[in-house]
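Just so you know, the protein sequences line up as chains A and B, in that order. So in the numbering used here, the last spot in the first sequence is 271, and the numbers never skip. So in the numbering used here, the last spot in the second sequence is 525, and the numbers never skip.
Note that these hints are calculated values from the structure, not bench results. Please note that a few of the clues may not be correct.
Chain B stretches covered by chain A per the calculated footprint, using a threshold of three residues with CB under 8 Å from any CB of chain A [what the hints assert, rightly or not]:
hint: 1; segment: 260-266
hint: 2; segment: 319-333
hint: 3; segment: 337-344
hint: 4; segment: 353-363
hint: 5; segment: 384-397
Built from N, CA and C at the ideal position, the CB exists for glycine as well.
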Amino acid sequence: MNYNWDWGVFFRSTGIGEETYLDWFVAGLGWTIAVALAGWIIALLLGTLLGILRTVPNRWLAGIATCYVEIFRNVPLLVQLFLWYFLVPDLLPEPLELWFKQDLSPATSAYLSVVVCLGLFTAARVCEQVRTGIQALPRGQLAAGHALGFRLPQIYKDILLPQAFRIIIPPLTSEFLNIFKNSSVASLIGLMELLAQTKQAAEFTANLFEAFTLATLIYFTLNMGLMLLMRLVEKKVAVPGLIAVGGK
Amino acid sequence: MRIAPQFLAAAVAAALLSSSAIAEELTGTLKKIKETGTITLGHRDASIPFSYLGAEPGKPVGYAHDLQLKVVEAIKTELGLPELKVRYNLVTSQTRIPLVQNGTVDLECGSTTNNLERQRQVDFSVGIFEVGTRLLTRKTSGIRDFADLKGKNVVTTAGTTSERLLKAMNAEKRMGMNIISAKDHGESFLMLESNRAVAFMMDDALLYGEMAKAKNPDDWVVVGEPQSYEIYGCMLRKGDPAFKQLVDKALSATFASGEINEIYARWFQNPIPPKGLNLKFPMSDELKKLIANPTDKSAEEI
């Protein structure tokens with residue numbers, strides 16, 4: 024391999040104002056976090072709602088949630104992103120379409136598309152985990168709730184969900200990390216998040232390996248940090264003996 | 224203790240045999256080509272009309288590809304390898320440099336600008352084309368030059384020199400442009416066509432290529448004073464003077480014989496595959512100068 028290594032490349036000026044290449048990575052990390060967190064809020068709220076619907080004793084509601092999951096889980100993420108970014112704005116009424124394409128800054132319209140896309144995609148996966156969390160609980164709990172005169176929403180809110188969420192913290196952590204990694208698709212619609220900045224720095228400097236090594240380290244550190252955080256959360260909310268009971 | 228002398232003897236014998244097997248003292252890429260009977264050419268999929276897939280699957284066509292084949296002919300003659308096999312390897316703007324460096328691709332001819340950053344990683348052949356960076360816009364947009372872009376949405380392709388120039392211009396002249404970095408030229412044009420941007424800044428030859436692909440080519444126009452000139456070259460591995468000399472010689476001979484004019488006319492002034500479009504792009508004075516005096520320097524060094 025005939026390669027010129029140069030780790031000092033990050034501190035070199037980009038030729039645009041006062042910036043160094045390192046500033047690009049920092050700005051990119053900011054966008055990555057902004058995309059992932061906003062997407063995660065949508066995913067968690069919608070996913071929880073759908074997960075509950077899949078378990079309620081109503082065939083229609085459960086059917087709608089199942090359809091949603093099958094559609095969003097079986098279409099590649101990148102295809103979904105292109106649909107949200109290129110196709111959906113064209114289906115809007117014309118004043119709204121023009122506002123989205125021309126009045127909004129390009130970064131904002133790309134950001135909105137990718138947040139909606141990642142949020143809805145991840146919601147399908149969160150939904151399945153919430154459903155398994157609920158179904159992992161003994162069925163007798165639902166019956167006991169009814170026998171004690173609870174209404175269905177109360178049973179979910181006070182009995183089932185608090186236990187289900189504790190059970191699914193580990194797989195939810197995975198999804199939480201996934202959304203950070205999946206946010207890199209935003210680079211393909213021109214949002215300058217971490218991967219886009221990395222590719223740009225690699226192209227400008229011709230120091231591809233340094234740029235991607237730094238990006239790898241940033242993604243890794245970020246995700247390790249989040250994983251440790253979620254472990255703390257899991258410990259903090261743990262109720263002794265609960266998960267063992269839930270598993271039976 | 225007895226293994227070592229035997230091993231040494233075998234090694235010496237192997238070295239003697241292999242050196243006597245090759246008559247000439249070939250090194251680097253030429254040695255590899257001679258030994259394997261194969262050359263791997265790097266090409267692009269959508270750099271119209273330089274190197275792109277259009278006629279048949281897996282096989283590129285284009286201006287740069289024709290010149291690449293001139294080099295292959297020269298190698299066949301030079302190495303006495305009439306049966307030399309050509310292997311094609313698709314590269315993207317991100318993969319082209321590492322694939323040349325790690326030996327996957329022997330010679331990449333496409334639309335790669337020769338610049339100082341890249342010269343630290345690879346060597347360039349003599350320049351094969353020269354472009355100016357300009358703007359593509361709708362005839363009705365009212366944009367006539369870069370000054371008209373103040374406060375507008377402008378698209379360019381990520382990782383190109385145009386992107387850097389546009390961002391620098393925006394910062395220095397406080398133009399308040401919103402710059403969109405699309406992932407490839409096709410997507411940049413899509414941004415332009417779907418009214419997300421009013422202008423697309425790129426190398427003029429590529430803009431003519433995008434214009435020719437449009438649903439209605441007459442709606443579009445290339446405008447603006449070129450912000451920079453760039454020389455395209457073929458990339459090869461660094462520190463391989465014998466191979467570079469052969470490549471440069473083959474290209475210079477094509478320039479000197481005037482054959483370059485036919486190749487130019489074929490790709491820029493005649494209908495080209497796949498849709499039979501004519502770019503109608505006359506040869507620029509810069510390119511004429513480059514052909515008269517071949518150089519492997521980048522535009523910034525001249």
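Among all the numbered hints in the text so far, which are the ones the structure does not match? 1 and 4
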